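Under this note's numbering, the first residue of the sequence shown carries the number 1, and numbering increases by one thereafter.
Please note that a few of the clues may not be correct.
[As the list claims (entries may be wrong)] The calculated label-pair distances, taken between Cβ atoms and stated as ranges, are:
no., residue 1, residue 2, range
1, N9, S79, 17 to 27 Å
2, T27, W88, 14 to 24 Å
3, N17, A50, 16 to 26 Å
Keep in mind that the hints were calculated from the coordinates and are not lab data.
What you are looking at is a predicted structure, and each value in this text was computed from that prediction instead of being measured.
Every residue, glycine too, gets a C-beta built ideally from N, C-alpha and C.
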Amino acid sequence: MTDNTIDPNETRDFSFNWAPQLAAGETIQSKAVSIVDSTGAAATNATVAASSSTPSTVTARITSATGTNVYVLCRVTTSTGQILDDTWRLRVQNH
């Protein structure tokens, strides 16, 4: 992901591309996207409004409620039973 910023008043879609971590024929079977703080605990200053997936990508619609940075955690379970996590910082700043 190249742009990991969100304006406090925005609702934006962010995508997680899992293709590099998946074996040939392996697909995403389930996904969960959440907003956490730097310790991994649930945070409430941003919201995942919805999420969807394709066989190798998860897209989350995120709404920022306040002007503080958060972390976005995407956890997927694959068709072979792998559980994969990707966590990245989402900077909240006025554009």
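So which of the earlier hints does this model not fit?
-> Hint 1 is the one this structure does not satisfy, whereas the remaining hints hold.
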